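Novice: Read off the chains here:
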Amino acid sequence: MDWLHRHKGSIPYLLLLPGLAWLALFFVVPTYYLAETSLQSGSLDVGYAFSWAWSNYSDAISTYHEQFVRSLEYAGIATVLALLLSYPLAYFIAFRGGRWKSLLLLLIIAPFFVTYLIRTLAWQTILSDSGFVVTTLQSIGLLGDGDRLLATSTAVVAGITYNFLPFMALPLYVSLEQIDPRLIEAAEDLYASKAKAFLRVTLPLSLPGVFAGTLLTFIPAAGDFINAELLGTPRQSMIGNVIQSKFLVLTDYGQAAALSFVLMAAILVLIGIYTKVLGTERLGV
Amino acid sequence: MALVRRHVLTGYALLAFVYLLLPIAVVIAFSFNDPLGRFNYTWEGFTLRHWQDPFGPPGLRDAIVASLEIAALASFVATILGTLVALALVRYGFRGRGLTNLLIFMPMTTPEIVMGASLLALFLNLGVATGFWTIFIAHVMFCISFVVVTVKARLVGFDRHLEEAAMDLGANPFTTFGRVTLPLIAPGIAAGALLAFALSVDDFVITLFNAGPTITFPLYVWGAARVGVPPQVNVIGTLIFLAAAGLMVANVLSQIRRSKGAM
Chain A
1 MDWLHRHKGS
11 IPYLLLLPGL
21 AWLALFFVVP
31 TYYLAETSLQ
41 SGSLDVGYAF
51 SWAWSNYSDA
61 ISTYHEQFVR
71 SLEYAGIATV
81 LALLLSYPLA
91 YFIAFRGGRW
101 KSLLLLLIIA
111 PFFVTYLIRT
121 LAWQTILSDS
131 GFVVTTLQSI
141 GLLGDGDRLL
151 ATSTAVVAGI
161 TYNFLPFMAL
171 PLYVSLEQID
181 PRLIEAAEDL
191 YASKAKAFLR
201 VTLPLSLPGV
211 FAGTLLTFIP
221 AAGDFINAEL
231 LGTPRQSMIG
241 NVIQSKFLVL
251 TDYGQAAALS
261 FVLMAAILVL
271 IGIYTKVLGT
281 ERLGV
Chain B
1001 MALVRRHVLT
1011 GYALLAFVYL
1021 LLPIAVVIAF
1031 SFNDPLGRFN
1041 YTWEGFTLRH
1051 WQDPFGPPGL
1061 RDAIVASLEI
1071 AALASFVATI
1081 LGTLVALALV
1091 RYGFRGRGLT
1101 NLLIFMPMTT
1111 PEIVMGASLL
1121 ALFLNLGVAT
1131 GFWTIFIAHV
1141 MFCISFVVVT
1151 VKARLVGFDR
1161 HLEEAAMDLG
1171 ANPFTTFGRV
1181 TLPLIAPGIA
1191 AGALLAFALS
1201 VDDFVITLFN
1211 AGPTITFPLY
1221 VWGAARVGVP
1231 PQVNVIGTLI
1241 FLAAAGLMVA
1251 NVLSQIRRSK
1261 GAM
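As they're listed, the protein sequences go chains A and B.
By this note's numbering, the letter at position 280 of the first sequence is numbered 280, and the numbering carries on one by one without gaps.
By this note's numbering, the letter at position 65 of the second sequence is numbered 1065, and the numbering carries on one by one without gaps.
What the hints contain is simulated information worked out from the structure, not anything from laboratory work.
Check each hint, because a few of them may be wrong.
[As the list claims (entries may be wrong)] Quick list of simulated restraints, FRET-style, between CB atoms:
1. A:Asp59 - B:Asp1062: 46 to 52 Å
2. A:Leu103 - B:Pro1173: 36 to 42 Å
3. A:Thr251 - B:Gly1056: 33 to 39 Å
4. B:Asp1168 - A:Pro18: 43 to 49 Å
5. B:Trp1051 - A:Trp54: 53 to 59 Å
[As the list claims (entries may be wrong)] Looking from chain B toward chain A, a few residues come up when the C-beta cut is under 10 Å (computed):
6. Leu1073
7. Phe1076
8. Met1115
9. Ile1137
Please read all numbers here as calculations on a predicted model, not as lab measurements.
Ideal Cβ positions, reconstructed from N, Cα and C, are used throughout, including at glycine.
Same shape as in the complex, but just chain B:
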């Protein structure tokens, strides 16, 4: 009986993983499809054509470049702002902590469509034309909270004696920060920056509201969805998946190896 129950759960988990991964398999498979018409829905035959010409469809390359530029800028700024907030929250006692936490928490729980609509209302009323920079502003806004949470997690386990030791040895606060604090929390900051980059590249809803004439990669896909998505979109989707998955797997494997070494 116990044996059966064990296998039921394992079998269920296996099915659930198939369900989770099936669409990913479809995205990858259909990047090799050779569709007859404009619609890439049914399997017609294998081809490498789209992989040889990933930027073939007009506008696709520009959209990807715009996405990468915005993500690089937004994640850079959000990482700095978020790290500073995390430092203040973990290292200092101050009045207004509750309000600060609320302000950090709110953007993570507000529906994206409401945030996108609010920002558009702001830009419309102030007469600001939407475009590249309004997307940048929006992305920094929703990335900050995630950076704060990520960096905070890393800072909580931080041994403050190391900094005190540096100060005792005559280092001033800035040297201490640069030579002791920063290197120790760097992995947390890097994780926050990567998360912000990923969120920015993937964002669709808030971007749609504040993009004006600018087209990012998700907006390109949205526009293409009405007239037939070119298989090259699957090629780019596969590449993004491989990059993200590769980074995460490398990270997890190094953790497993480290914990094995510690045992």
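One chain only, chain A, in its complex shape:
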């Protein structure tokens, strides 16, 4: 008690200590071990040893650049789709939701109440060859008789879009909700058309939400392997599938760790460019 009084300045550090120590030990330190592993050579039989094996990186990139590009491509398309799908929805809840807003928001996060794998398996059922989506599309001629949806890149991108959509919709909603409707009215009073008022007032003010939502969707999407595994074939496999099988099935730890690092680096570079292009300093993010 007296000790606490005499060392008041140390109270915040005592509060922080257990939590931050846990994060340091099990989030920061593992990154070091991932780096070390990425430079190890060897196999399960002869054992693994650190050897500055930079070849893990060059081999990994030359062998798996296709999966890399595909991951970024799928994640990019899914992010844009999620943005286009959820912007009007977030707009609707923010400006037309009334006092049902929180209940409508609940509908957006409802998919999260079903275990990730189970809701992805549900898409397997929905898109399956004898499912109603395929038969309907076939009957109106949008899909040929032998064509499938399951096991195509369309299915994988659709699955990723669905699974991460709430990450896009929620930040969008938050930024739209904060907009004072009087600003939009003012623009209209000053003879801006509805479209112009949206483009010049609503959209710019919602950009912080677009920015946050895009990152929150893109990052997990680029590392995902569940959708490619359950809705695609090896021809749709993403970098996550490769890392997963190298770590857990093939025990090729060196390359698996190198791939994880390249994935992280690629994501950070893309975020850097994106932040620069969007100039979010001005947005106050």
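Following the hints, position chain B against chain A.
Specialist: Just chain B now, kept in the frame of chain A:
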């Protein structure tokens, strides 16, 4: 024109909600399906069989028990650690705040596969056998940040005068914390704990990397996906959905009622 635009947006929102909820409807519907073979893909007929025997398939019950045990332990520990960090961040000025925020923020934005792989690299290099406790360690790790954010949100609107009043009336810091601070921030802590529990039960990627021979419910589903998922998985999925949705709806309704009362 304005009328049309209004209805276009409403119609769109309706369609979007159908899209969001369709897979949930499928999960629930197929828990009543009576599949012919091992694969539960096409509707064959209605049955209550799987609901009468939800733990029928071998290993399913053990997987659910493992998931619940890990979630209970991990959310308990993460809630304590996260609440302490949130208290420090909101209530005290100290050097290293930026670094602390970064450390809290990073796990929420790192792809799960990278975190899972890093932890496995740690355990492999230290010769730690993966299993129940490595899953527990991993879950506490990724839950802490979410607890911090949730509890912080609640602490920001906190009136510190109440604590000062308690101290003025002779309460020592511990009594003040236990009798004034804790009851006031309890809803925030409860929300953080529930979120941590939900994240833990649902986690697949990080768990897959660090599970060793332990099988949680998502890992069970993953294994079953290759050979045909038994309809009982849909029963359990439906039950989890109902529990989570029920809690959230009750919470939202009580908020609506409270705000109506305030008006």
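Novice: Could you check the hint for me, namely that Asp59 (chain A) and Asp1062 (chain B) are 46 to 52 Å apart, CB to CB?
Specialist: violated (40 Å)
Novice: Closer than 10 Å between Cβ atoms is the bar; does Phe1076 (chain B) clear it against chain A? Give me holds or violated.
Specialist: violated (13 Å)
Novice: Met1115 (chain B) was flagged as interface toward chain A. Is the shortest Cβ-Cβ separation under 10 Å?
Specialist: holds (7 Å)
Novice: Do the Cβ positions of Leu103 (chain A) and Pro1173 (chain B) conform to the proposed distance bound of 36 to 42 Å?
Specialist: Between Leu103 (chain A) and Pro1173 (chain B), where Cβ atoms are some 41 Å apart, the hint holds.
Novice: Taking the least C-beta to C-beta distance, is Leu1073 (chain B) closer than 10 Å to chain A?
Specialist: violated (14 Å)
Novice: Kindly confirm whether 53 to 59 Å is satisfied by the beta carbon distance between Trp1051 (chain B) and Trp54 (chain A).
Specialist: holds (56 Å)
Novice: Does 43 to 49 Å hold as the CB distance between Asp1168 (chain B) and Pro18 (chain A), or does it fail?
Specialist: Check failed, 31 Å falls outside 43 to 49 Å.
Novice: Against chain A, is Ile1137 (chain B) within 10 Å by beta-carbon distance?
Specialist: holds (6 Å)
Novice: Look at the Cβ atoms of Thr251 (chain A) and Gly1056 (chain B) and judge whether their distance stays inside 33 to 39 Å.
Specialist: Distance hint for Thr251 (chain A), Gly1056 (chain B) holds at roughly 34 Å.
In summary, the structure is inconsistent with hints 1, 4, 6 and 7 from the numbered list given earlier, while agreeing with the others.
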